[in-house]
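Residues per chain, in single letters:
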Amino acid sequence: MNRMPTARRCALAGGLSLCLALSWSFAETPQEDAGRRLYEEKCGMCHAAGGMGTGLLARRYPPGQELLEQRSNLTPAFIEVAVRSGIGNMPRISRAEVSDEQLALISRYLSRQATP
Amino acid sequence: MAFDLPPGLTAREFERALAAFAGAVGEQWVLATDEDRATYSDHFAIDEAAHRPSAAVAPLTVEEVQAVVRLANEHKVPLWPISRGKNFGYGGAAPRLKGSVVLDLSRMKKLEIDVENGTALVEPGVGFYDLYDYIKKNDIPLWLSVPGNSWGSVCGNALDRGVGYTTYGDHTAQICGLEVVMPDGDLVRTGMGAMTNAPTWQLYRYGFGPSWDQMFVQSNFGVVTKLGLWMMREPETMLGIDMEFDKADDLEWIVDTLAPLRREGILRQAPSIGSWLRGAAVLTTRAEWYDKPGALPDSVIDAIRKKFSMGWWSLSMRFYGPEEITAATAKVVRKAFNGRPVLSIKETAWRQGDPPELSAWAGVPITFPLQNANWHGGRGGHVGFSPVLPANGRAALAQFHRTYARYKEFGMDYHGSFAMGERHITNVNQVLFNKDDPEMMARVDKFFRALVDDATKQRYGEYRTHLDYMDLVASTYDFNDRALLRLNEKVKNALDPNGILAPGKSGIWPARYAGERS
Numbered sequence: 001m002n003r004m005p006t007a008r009r010c011a012l013a014g015g016l017s018l019c020l021a022l023s024w025s026f027a028e029t030p031q032e033d034a035g036r037r038l039y040e041e042k043c044g045m046c047h048a049a050g051g052m053g054t055g056l057l058a059r060r061y062p063p064g065q066e067l068l069e070q071r072s073n074l075t076p077a078f079i080e081v082a083v084r085s086g087i088g089n090m091p092r093i094s095r096a097e098v099s100d101e102q103l104a105l106i107s108r109y110l111s112r113q114a115t116p
Numbered sequence: 117m118a119f120d121l122p123p124g125l126t127a128r129e130f131e132r133a134l135a136a137f138a139g140a141v142g143e144q145w146v147l148a149t150d151e152d153r154a155t156y157s158d159h160f161a162i163d164e165a166a167h168r169p170s171a172a173v174a175p176l177t178v179e180e181v182q183a184v185v186r187l188a189n190e191h192k193v194p195l196w197p198i199s200r201g202k203n204f205g206y207g208g209a210a211p212r213l214k215g216s217v218v219l220d221l222s223r224m225k226k227l228e229i230d231v232e233n234g235t236a237l238v239e240p241g242v243g244f245y246d247l248y249d250y251i252k253k254n255d256i257p258l259w260l261s262v263p264g265n266s267w268g269s270v271c272g273n274a275l276d277r278g279v280g281y282t283t284y285g286d287h288t289a290q291i292c293g294l295e296v297v298m299p300d301g302d303l304v305r306t307g308m309g310a311m312t313n314a315p316t317w318q319l320y321r322y323g324f325g326p327s328w329d330q331m332f333v334q335s336n337f338g339v340v341t342k343l344g345l346w347m348m349r350e351p352e353t354m355l356g357i358d359m360e361f362d363k364a365d366d367l368e369w370i371v372d373t374l375a376p377l378r379r380e381g382i383l384r385q386a387p388s389i390g391s392w393l394r395g396a397a398v399l400t401t402r403a404e405w406y407d408k409p410g411a412l413p414d415s416v417i418d419a420i421r422k423k424f425s426m427g428w429w430s431l432s433m434r435f436y437g438p439e440e441i442t443a444a445t446a447k448v449v450r451k452a453f454n455g456r457p458v459l460s461i462k463e464t465a466w467r468q469g470d471p472p473e474l475s476a477w478a479g480v481p482i483t484f485p486l487q488n489a490n491w492h493g494g495r496g497g498h499v500g501f502s503p504v505l506p507a508n509g510r511a512a513l514a515q516f517h518r519t520y521a522r523y524k525e526f527g528m529d530y531h532g533s534f535a536m537g538e539r540h541i542t543n544v545n546q547v548l549f550n551k552d553d554p555e556m557m558a559r560v561d562k563f564f565r566a567l568v569d570d571a572t573k574q575r576y577g578e579y580r581t582h583l584d585y586m587d588l589v590a591s592t593y594d595f596n597d598r599a600l601l602r603l604n605e606k607v608k609n610a611l612d613p614n615g616i617l618a619p620g621k622s623g624i625w626p627a628r629y630a631g632e633r634s
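First to last, the sequence lines map onto chains A and B. All residue numbers for the first sequence refer to my numbering, where the first residue is 1 and numbers rise by one. All residue numbers for the second sequence refer to my numbering, where the first residue is 117 and numbers rise by one.
Just so you know, these hints were derived from the structure itself, not from any lab. Fair warning: this is a prediction, and the values are worked out from it, not measured in the lab.
Pairs of lysine-lysine, PhoX-like flavour, derived with a Cα cap of 25 Å:
id, chain 1, residue 1, chain 2, residue 2
1, B, K422, B, K524
2, B, K363, B, K462
3, B, K551, B, K524
4, A, K42, B, K226
5, B, K573, B, K524
6, B, K225, A, K42
7, B, K562, B, K524
8, B, K423, B, K408
9, B, K253, B, K226
10, B, K253, A, K42
11, B, K408, B, K562
12, A, K42, B, K252
So here's chain A without its partners, still in its complex pose:
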């Protein structure tokens, strides 16, 4: 299989090496794996390196923290509100595009590093 990263993981040339470095860099539970895949599929176009969301978050966060996968302060409740209510320039995402079950897996994946 072609191992070139998908567009969702790297939206720009500058993101290529960073994306490769980030991929599969930790042991995952099956749920985290499902959450990561869904995150890439549903959110990666804006939140991978080079995407709109990453570009805008880079204006507000220290280097590295603009990538949601690297954050340790995301909680499921915050993620779910951001997705369904929109935040800043991010439009709201419908349940047809990301179901509640899918959103729960994505939220769990993104909050896996959250410190209580």
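With chain A fixed as given, assemble chain B onto it according to the hints.
Just chain B, lined up with the frame of chain A:
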């Protein structure tokens, strides 16, 4: 929370309709909570409430679409079909008529590729990223043409006359064969698809007799459930020339230099001459440079340009194919610009075997241009104003000066570009705004209407517009007392007597909702 029902329906009738839809698609895919209604509203709208739907229905199959359409007729429910609903700047997922039920086709993601012939057959839910990932996973040597916001649907973008960056960038022109659910629930295939199992559905556009593909573009005459699309084979080379220009008035000779290259087919991709803010709004925010209201003064514009090494105008051209052809094309283009005061010229080159160039020029989906909505800070948004002009430098420069003066008059920052068609220019102007600034938001509507009025006086019509302005723009197409609108509405009423499909789309109102016209 109270919400707008479809016009003419009681709450009980509406509930009955939703129950009927649930019977067709499954209860899970009838989305009718307050949160659901908000997710289908237009995040970038000047007034979101003006276009809020009552619910959404999300079928998975063509048969389910047919069932929903038949039920909508039975229950007299207006539907607003969307592919993926990412038509930002033009209305997103929201309906023209508030209270409509969004027919969300984003779950329909079937995709077929004919590698040998370079064609795709996509359902409406297939996004540019889906198509790109499929091609990469399967090592298919085809390139996409993607728009500046590639989050959306391949099908939906082509049906709204979206554009991209390669020689296949006129997406509507790449359509070859449609499958359409008609307003009565009948299923039609256009072109060669009208013959069952014809191997030429995606190869020959016209079929026999009248050809209907364009009838379903920017219209409300049917629900497209499959769309055939021509795709570009990965070229041997992609050579390019990027240019920057120092003066705003350079626009006239830039257009006059490019026009014959486009008209004669030397430049096969539609280059866009973009003002400095097109790049700057992606790279920086206004507050980093200026904290006063009103359009940016020239001194600030100069400082931003200096920081990012930008011209007043920027232009990128790309040539695709065997190097014998692309190198010769580059030579001809450079010769055409000889002796002109070009501020800077950069040549680019990609050849098969090089690492992939992850740019829209190479058909790689992107979303970063949407960062421009953050130019003012706050919750950003934009609407597009895009009149069509002749490919003529004098006309382009006059249009620029008229538009620039209006931007200044309304205290907005000019964000314009001139995309060179073969014999026309699409003058795309983005009006960037801050939804958290009520004073600015109060100006946007008047500003937009002034732009339309100015263009109409020159007899320039828009190629595409936001929900708020569909009636306004349709009214500017005024030959013989708006004979085209009369024709569209005769067709609409004949095909859709209950007026259930997208009432008001492109200013076309069925008789049932004629009173809703603005």
